[in-house]
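Undergrad: The chain contents come next:
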Amino acid sequence: MRESWRRIRAVAANTFLEAVRQKVFAILLIFALVLLAGANYFAEFSFQEQFKFLKDLGYATISLTGLLVGLLGAAQLIPAEIERRTILTALCRPLRRWEFLAGKYLGLVSLLGVMLGIMAGVFWLVLRWKEMQLIAAEGGEAQVVAAIRGEARDPRLWQALLLIGAKLFVVSAIAIFFSTLATSTTFVVAMTLMIYLIGHLQSVAREQWLESGEKAGWALQTFLASVAVLIPDFNLYSLIDEIVAGNAVRWPATLQVLGYSSAYVGVILVAAACLFEGRDL
Amino acid sequence: MSVALPRWLAVLVILSWGFLKVPWEIRMTKAQRLATVGVTGPSAVALREKLGQGLVLAALGGFRGLAANALLLEAHGAWEEKQWVRVRSALEMATLLQPRVALFWDLASWHLAWNAAVAAEQYSENTSETRKRMEARKWVEAGRILLERGTKAVPEKSLLFQRLGDLYWQRLADYQAAAACYREALTKSDVPPYLERFVGYALDKAGDQEGALEYFRQLRLSMGNPPDPARKPEVVDREISRLENELRKGREGARR
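One line per chain: the protein sequences are U and D, in this order.
Those letters in the first sequence? Residues 1 to 281, per my numbering, in order.
Those letters in the second sequence? Residues 282 to 537, per my numbering, in order.
It cannot be assumed that every hint is accurate.
[To be verified] Computed cross-link-like contacts, BS3-like style, restricted to lysine-lysine with a CA-CA straight-line distance of at most 27 Å:
#1 D:Lys530 with D:Lys469
#2 U:Lys215 with D:Lys311
#3 D:Lys311 with D:Lys433
#4 D:Lys433 with D:Lys419
#5 D:Lys486 with U:Lys215
#6 D:Lys413 with D:Lys363
Read the hints as simulated data drawn from the structure, not as lab findings.
Bound-form chain D, shown alone (with noise of 0.2 Å):
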């Protein structure tokens, strides 16, 4: 055998097996993407803006998880120094290298929506009111985009619907739309127990009683007979007939 033939034959290996590993790696990448985030195709996203973050992963190798630790204790120290979009910006980042870690994203809108807002109410230089609350809404907000995000990069799992809808609940005071994140929490195979019985708060909250005892009849009559102990049947009876209750002034009181 000549010298010349094994680095040619070197070549032929790596290029046949080259043209025959792209296609098994396609598979495997759109079966990965189907399992982690429901989608198979590639993101639509400018070839710039995925090279920028391809870079940022690239030059991490495999260690991104350490970079966004860090960036999560940057926020920490900024959180303790009430350094408020250092906090964002730190915890946006850590969103964006680990974007699968519901964590970052619960923690991320706790403090926009919570610590940020209620020092902007709280301690603000500003002397209107009307501009702390705004300067208040404005973190809100922040916090309800980045949950609205968040629950996009972690579809599959309740926590982030559930936070979204406690934050329409207990910052915006929209209780439709707590109600429709609750629902949508319900849907995932990880929900905790008690969350089935808050969109019949919610819908209470925001006024529609009637929808709230259909709901909470239809919930008792999901629990079977006899009921799991650990749904809280007793707690779902009790709104039962605390609405009907309610329902029944309501219609006289409208009668006299």
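Isolated chain U (complex conformation) (with noise of 0.2 Å):
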């Protein structure tokens, strides 16, 4: 188990390092200044919403930062390597073929994590340096003051970067997925959008088929049933729109979705496992 472990660590600091070395980190100094840009552009709004833009405008840049790493860095990972056949090379080695996999996952995710941690920290600072900005031009009335500070220091910002962060690592892991199973990196683009689009609609296909009580044909009675059950229900996630609407979102409902989002990770990744052992290399 040990051995495993060293295994899987040896691939993911590899793929990590491949991908720093393709200067992915360059993209967060664009993150940066879309930020900064964005934290002036609203100056003639009130506070409460000049906050609001910030935080729609952060949260969207991270998610959509994350998005396109993780799927372009996920969709790579293997249909690169097998085109380049270095694959061959490293699976001649004592490495399990699930291994391979976790490595490469972990490895993904290490970085998302890195880029994640960067970019709430820019996001922090740039809402901090708003703070300042605000309390400098609305007076030193302490009531402002307390609404300003509470609006710039919501800790709710920590949750909504997990859950974000969460909903990435589904998302890496059901482009890694499709990676096992495609040649191509477009087909594994295009069927992990087409996944992470109809996973916000999941739930209207899921409550349709088990709660409305309607009767439809048996044809899209099935085809709403494989909708709930083969795809992810995204929409879990919105509770990160709750947290910049300024509404309350209790910790134990942020667990469970984490918890999830772990299980869901977990299930993609054995099933991924399961497919690239059978495949012809």
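Fit the two chains together into the complex; they arrive one by one in their own frames, and the hints show the way.
TA: Structure follows, in structure tokens:
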């Protein structure tokens, strides 16, 4: 077991370093510039509106950056290795296929984790900078200062970031799953994006299948059931919207979604490992 | 192990997990809905409408907030150009994208019931005063309907009930309805302390001075002894003596 873990770590470290060498961190500079520009763009609105704009922009930019890095990174992992034949060199060593796959995934999520951490840090700094700017502009009235501080130092920021991270980890696992089946990056990106989009509709299909009470033809019922069973419910992550709206989101609800994400990643990776075992290289 | 077996195993793993996860997803969705909007079941909306909204949400993925903000900017631009229909459609779309953001409902109703209505009253090209007033009333009504919907979308916050009360008071002169809205706002945990006096003011304005006096007396009692200075007991005392004086004068006038 310890040997297995050592090999997985080695593959993960290699994947992480390879991604770093491809200058993915340069994207972070663009992220910071977008955020700083956005922070100054809405100066004519009230401070509550300005913080809402800034938070929406921050969370969306973090999500989009993470989605692109996770999706494109995962889509390239296996097909590129097969195309370059480097996978044969790796697998002729005492390395099992599932260990290779787990290492690749771990390397990718480490990269995503580091990027999310840096982006969260930049986001936090921009929020604090906005706080100082607004306090200076709005004057020193204690109630206003407290309200601005409340918006800028909202501890739910970390809750939202955890949810964004969990969603990205699930999307990356799905991309890895498709990359064990496919030979082309385009197929993996297209399939994963399709699952990502349908995932936001999954709850509608599930409710129609199980809870609506409406009679539907067997073909429609089978389709709805397939969507509900095979596709993750990405609407569960809309707790992030609640946080931006300033509504209370309890930690148990967040932890449940994190648990669901972990279970999903585990299952998808097991299925991907099964497929990868049977694949001709 | 044959090559075919792991593939079947993958299908088996995914299907088993699929049937296991569905009840879990249902439980989580119900818990989230209960915590956010206070209901657990699916909304009674036809599939076609749900799909319409869902497709918008799916197409936007996790980026609804950005789209809603873009609509808010569009509404702001339209407001500067006094294009009220554009303001209304942009803000209604924003509330559809992010119905849980109280700020959107608040801003949308303010634009409609105040800005658009005042513009119709004062700057409309209509020459008839009655038509001007009818046009203004139409905008106030649009703002009221929007706020009513907002209170259902964000029922746990006091802000929209307070704004609805303000609208009934300032735009429709329906002070009893305003008092009812302020009372509802008082049941929310985030209510600002000054709002508790507004129920009494609204009852007084509605002509129910007895009711207002009784309300202020109950309010003063609820402040305890010594009262919390943040709840401004001196203002409540002042209102009680003012109402007592006015009622006494009224009774004396009636006797004469």
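Undergrad: Between the alpha carbons of Lys486 of chain D and Lys215 of chain U, is the straight-line distance 27 Å or under?
TA: violated, 54 Å
Undergrad: For Lys311 of chain D and Lys433 of chain D, compute the direct alpha-carbon distance and say whether it is at most 27 Å.
TA: holds, 18 Å
Undergrad: For Lys413 of chain D and Lys363 of chain D, compute the direct alpha-carbon distance and say whether it is at most 27 Å.
TA: It holds: about 16 Å lies between the C-alpha atoms, which stays within 27 Å.
Undergrad: CA of Lys433 of chain D to CA of Lys419 of chain D, is that 27 Å or under?
TA: holds, 22 Å
Undergrad: Assess, step by step, whether the Cα of Lys215 of chain U is no farther than 27 Å from the Cα of Lys311 of chain D, and give holds or violated.
TA: This hinted pair holds, its Cα atoms lying about 23 Å apart.
Undergrad: Does Lys530 of chain D pair with Lys469 of chain D here, judged by a C-alpha cut-off of 27 Å?
TA: The hint is violated at about 37 Å.
Of the numbered hints listed earlier, those contradicted by the structure are 1, 5.
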